[in-house]
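Q: Chain by chain, the residues run as shown.
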Amino acid sequence: MTLRDKICKIYTDLTFLDFGPDGTIVLQNDGDSKGDYIKSWTHPTHPQPSAEQLGSVQ
Amino acid sequence: MGNLVLNGSSSGQITVSPPAVAGTNTVTLPATTGTLLTTAGGQTIGGTETFSIINATTIQVGGNQAVNGPAFSAYQSTLQSISGGTWSKIALQSKTFDTNSNFDNTTNYRFTPTVAGYYQINAQFSTSNSASGGYAVGAAIYKNGSAYKLAITRPTSNTSGAFISDLIYFNGSTDYVELYGYADQGSAGVIGTAYNFMSGSMVRGA
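So the protein lines, in turn, are chains B and F.
Using my numbering, count along the first sequence one by one with no gaps and you end on 58.
Using my numbering, count along the second sequence one by one with no gaps and you end on 206.
Please keep in mind that the hints were generated in silico from the structure rather than gathered at the bench.
Do not rely on the hints blindly, as some may be mistaken.
[Stated by the list, open to error] Listed below are the simulated BS3-like cross-link pairs for lysine-lysine, each with C-alpha atoms no more than 27 Å apart in a straight line:
| hint | chain 1 | residue 1 | chain 2 | residue 2 |
| --- | --- | --- | --- | --- |
| 1 | B | 39 | B | 9 |
| 2 | B | 6 | B | 39 |
| 3 | B | 34 | B | 9 |
| 4 | B | 9 | F | 143 |
| 5 | B | 34 | B | 6 |
| 6 | B | 34 | F | 149 |
| 7 | F | 95 | F | 149 |
| 8 | B | 34 | F | 143 |
| 9 | F | 149 | B | 9 |
| 10 | F | 143 | F | 95 |
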C-alpha cells in the first residue's frame, strides 16, 4: 500500500486531485532509504496525519 | 608621422602603422614579460584585455566560456517504479556523453557542473501507465533538492510524458539539478534513451 493509499484510507473524501500538481498535499521520494514521505501539507481542513496514524492503516 | 619600422636581427622587420585618421591612439604594453601576440599560435592572453579578431580561421578560448563548457546527456536504462501521486527522483543510470564528468549516474543521479555559468537544462519523464482521462503526468527539475521548474500534462493516451526545459544558473561548486517524475497513477517508467532523460549544456559563463 502506497503512502497516498494510506492517507486516503484515513481521509476517505480525498481524491487524486488533492495529491496532484495543483493539490495541497505533496508526497515525495528522493530515491533513498526514506521512501515515500509527506513533503508538504497545506490541506485546508484535514490535519497532516501522524506517523502512528499512518502506521496503523491496514 | 609615418610608419615605425623595427628591423630584426636578420632580414625580418615589423612595421607599426598608425591609422590615417585624426585623434590620438595609444598602444599600451603589459608590464609583464612574455610574448603579447605572435603568428606562431599557442599563446595565452590573460587579464581583462579586450581585442577583436578579424578573418580568423580558428579561435581557441580558455577559461569559463561556453564554447568549451560542460555538456551532458543521461537517460534511464533500468526499470523504475514510482508510487502514484508522489514526486519521485528518476534514476538516470546511463550516459550518452558527459564531457566534464559532472553527471553522477550511479549514486545521486544529479548534474553538478564544476564550471560556474548559465546552463540550458532539458528533461523528460514518461510513463507507460499514465492512463487517459485527466490523470496528470509531470516532470520537474529539482535544484539543490527543491522543486525548481515543473511541467504537467494530462494525457489522452496510456503512454505519455512531460517535458521541461529552462535556463539555470550554477555556481560551479555546490549547485546541482535532478529529474523528478510524477504520475497520478502508480507507474513504471518507459525505458529507453528517448523517454526518460536529462541533458544540458553551458551556454554562458558566469
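Q: Against each hint, give a clear statement of whether it holds in the structure.
A: Hints versus structure:
no. : hint         : in the structure
1   : 39/B - 9/B   : 19 Å, holds
2   : 6/B - 39/B   : 15 Å, holds
3   : 34/B - 9/B   : 21 Å, holds
4   : 9/B - 143/F  : 33 Å, violated
5   : 34/B - 6/B   : 16 Å, holds
6   : 34/B - 149/F : 24 Å, holds
7   : 95/F - 149/F : 23 Å, holds
8   : 34/B - 143/F : 20 Å, holds
9   : 149/F - 9/B  : 31 Å, violated
10  : 143/F - 95/F : 20 Å, holds
In this structure, the earlier hints numbered 4 and 9 are contradicted, and the remaining ones agree with it.
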